[in-house]
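Chemist: Single-letter residue listing:
Number of protein chains: 2
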Amino acid sequence: MRTFVIVGHKATTSPNFSLEDIPGTSGRLDILCRSVTAAFVLSHGIRKDVCVYLVLLGGEAAKTIQLKGETLRHLNPDERTTAALLKKALAVPATPQWAMSTSGIFVRLGGLPELLADLKDARLIYLREDGANIGGQAFRELDGELAFILGDHTGMTTEEEGLIEGAGAQVVSLGTTSLHADHCIVVLNWLLDANIFKA
Amino acid sequence: MRTFVIVGHKATTSPNFSLEDIPGTSGRLDILCRSVTAAFVLSHGIRKDVCVYLVLLGGEAAKTIQLKGETLRHLNPDERTTAALLKKALAVPATPQWAMSTSGIFVRLGGLPELLADLKDARLIYLREDGANIGGQAFRELDGELAFILGDHTGMTTEEEGLIEGAGAQVVSLGTTSLHADHCIVVLNWLLDANIFKA
Numbered sequence: 295m296r297t298f299v300i301v302g303h304k305a306t307t308s309p310n311f312s313l314e315d316i317p318g319t320s321g322r323l324d325i326l327c328r329s330v331t332a333a334f335v336l337s338h339g340i341r342k343d344v345c346v347y348l349v350l351l352g353g354e355a356a357k358t359i360q361l362k363g364e365t366l367r368h369l370n371p372d373e374r375t376t377a378a379l380l381k382k383a384l385a386v387p388a389t390p391q392w393a394m395s396t397s398g399i400f401v402r403l404g405g406l407p408e409l410l411a412d413l414k415d416a417r418l419i420y421l422r423e424d425g426a427n428i429g430g431q432a433f434r435e436l437d438g439e440l441a442f443i444l445g446d447h448t449g450m451t452t453e454e455e456g457l458i459e460g461a462g463a464q465v466v467s468l469g470t471t472s473l474h475a476d477h478c479i480v481v482l483n484w485l486l487d488a489n490i491f492k493a
Numbered sequence: 295m296r297t298f299v300i301v302g303h304k305a306t307t308s309p310n311f312s313l314e315d316i317p318g319t320s321g322r323l324d325i326l327c328r329s330v331t332a333a334f335v336l337s338h339g340i341r342k343d344v345c346v347y348l349v350l351l352g353g354e355a356a357k358t359i360q361l362k363g364e365t366l367r368h369l370n371p372d373e374r375t376t377a378a379l380l381k382k383a384l385a386v387p388a389t390p391q392w393a394m395s396t397s398g399i400f401v402r403l404g405g406l407p408e409l410l411a412d413l414k415d416a417r418l419i420y421l422r423e424d425g426a427n428i429g430g431q432a433f434r435e436l437d438g439e440l441a442f443i444l445g446d447h448t449g450m451t452t453e454e455e456g457l458i459e460g461a462g463a464q465v466v467s468l469g470t471t472s473l474h475a476d477h478c479i480v481v482l483n484w485l486l487d488a489n490i491f492k493a
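Which chain is which? The protein sequence lines are A and B, in order.
Numbers given in my numbering equal positions in the first sequence, counted from 1, plus 294.
Numbers given in my numbering equal positions in the second sequence, counted from 1, plus 294.
Calculated directly from the structure, the hints in this document are not laboratory data.
Mixed in with the good hints, there may be bad ones.
Repeated chains share a single entry, so a pair holds when one copy, or any two copies, can fit it.
[What the hints assert, rightly or not] Derived SDA-like pairs: lysine to any residue, alpha-carbon spacing no greater than 20 Å straight-line: (1) 304 - 338; (2) 304 - 352; (3) 342 - 471; (4) 382 - 314; (5) 381 - 314; (6) 342 - 470; (7) 382 - 315; (8) 304 - 337; (9) 362 - 394; (10) 381 - 315; (11) 342 - 469; (12) 381 - 313; (13) 304 - 370; (14) 342 - 472; (15) 362 - 397.
Between the sequences and the hints, there should be enough to build the whole structure, so can you do that?
Modeler: This is the structure in structure tokens:
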């Protein structure tokens, strides 16, 4: 199983954003939409072994959306239909327990601390430009339950970094060129597909 | 210089498509929009050393749109604003000579044969799932003027493959998992950034 966690620091927790101007009205939910398609979409299908968590911090109370490849339906490769699926999820009344929106999409109240507690059995890998190079020896044996944690355009706060490192995450870099979160996910999926770490 | 050529077999040559339903009204121009952002967009800027050609075959006469990183302006990472830029380019009266639309974006009549003639000095690399594995020895010395040729969701026709191979292209694969064109471009940019071929 591959898990991707993307933290949207300004991403709205409300369904009241416009599909005609996603970047301008949703706190850059467009970044999270592209991260979802990067994580799941193949030429002819959906990756079943992927799980995505979107941590939305741009509202009064944090919300988290979970997308599970195994049961995910209605996901198309374009940005707008992904945004429409997230809009539906944000319209579901959220409590601290997961509630289903459409097939394979769930929502709850809560942010990074709650999610890190849920992921305590996964091997956490936090992507940051100054981390250890992903090609290094330490990552040649990546296996098991991997959970990659990525920030959005604003980067993580010191408090969030404290939580992530306190949860035991390794800090890893994909290189010196600064990439968008969705592009990082594409590269990670490709590296894991190719088993390049085990070469 | 890195050049990416993406062939859109049903992609419209007319500006009369809807930004509210790009996949359904433009012959899947959404695939080409995502390929453009995959080719150019970094976390904080645009790749200056990239050139993209979109070959649009979904009209009466083929058109090609060129985007040059060096002078490209107004490109945002989201799909809709990219589609709006292409819409503007398609509204420019096209002739066999390049005409500028917005900064860094040009359009002309013509398709793959004309473009391959223009690229005769580049090292052509045609991405196909059953090609030689990109990790192999032959690609460890990739350098100079590289032009990668990618298809859309329909794949290339036999006639197009004949043209491409006749132009001297190497046939290369990114692996056995079938990826969308934009995801292939993300991986190629990352591989070239990382100089992994020269390791």
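Chemist: Now, for every hint given, state plainly whether the structure supports it.
Modeler: Results of checking the hints against the structure:
1. When the C-alpha separation of residue 304 and residue 338 is checked against a cutoff of 20 Å, the pair qualifies only between copies, where the shortest distance is 18 Å, while the shortest distance within a copy is 33 Å.
2. For the identical chains of this complex, residue 304 and residue 352 are intra-copy neighbours only, at 4 Å inside a copy versus 39 Å across copies, given an alpha-carbon limit of 20 Å.
3. Proximity of residue 342 to residue 471 under the C-alpha cut-off of 20 Å is restricted to the inter-copy arrangement: shortest distance 13 Å between copies versus 30 Å within a copy.
4. For the homomeric pair residue 382 and residue 314, the shortest alpha-carbon distances inside one copy (16 Å) and between copies (18 Å) are both at most 20 Å.
5. When the C-alpha separation of residue 381 and residue 314 is checked against a cutoff of 20 Å, the pair qualifies both within a copy, at 13 Å, and between copies, at 16 Å.
6. In this assembly of identical chains, residue 342 and residue 470 lie within 20 Å of each other by CA distance solely across copies; the values are 16 Å between and 31 Å within a copy.
7. When the C-alpha separation of residue 382 and residue 315 is checked against a cutoff of 20 Å, the pair qualifies both within a copy, at 17 Å, and between copies, at 18 Å.
8. Taking the shortest alpha-carbon separations for residue 304 and residue 337, only the inter-copy value of 17 Å comes in at or below 20 Å, while the best intra-copy value is 31 Å.
9. Only within a single protomer do residue 362 and residue 394 lie at most 20 Å apart by alpha-carbon distance; the minimum there is 11 Å, versus 45 Å between protomers.
10. Taking the shortest Cα distances, residue 381 and residue 315 sit within 20 Å of each other both inside one copy (13 Å) and across copies (17 Å).
11. In this homomeric assembly, residue 342 and residue 469 come within 20 Å of each other (Cα to Cα) only across copies, at 18 Å, whereas the closest approach inside a single copy is 28 Å.
12. Taking the shortest Cα distances, residue 381 and residue 313 sit within 20 Å of each other both inside one copy (9 Å) and across copies (19 Å).
13. With identical chains, the CA atoms of residue 304 and residue 370 are at most 20 Å apart between copies only, with a shortest distance of 18 Å across copies and 24 Å within one.
14. Proximity of residue 342 to residue 472 under the C-alpha cut-off of 20 Å is restricted to the inter-copy arrangement: shortest distance 14 Å between copies versus 28 Å within a copy.
15. For the identical chains of this complex, residue 362 and residue 397 are intra-copy neighbours only, at 9 Å inside a copy versus 41 Å across copies, given an alpha-carbon limit of 20 Å.
When each numbered hint is compared with the structure, no violation occurs for any of them.
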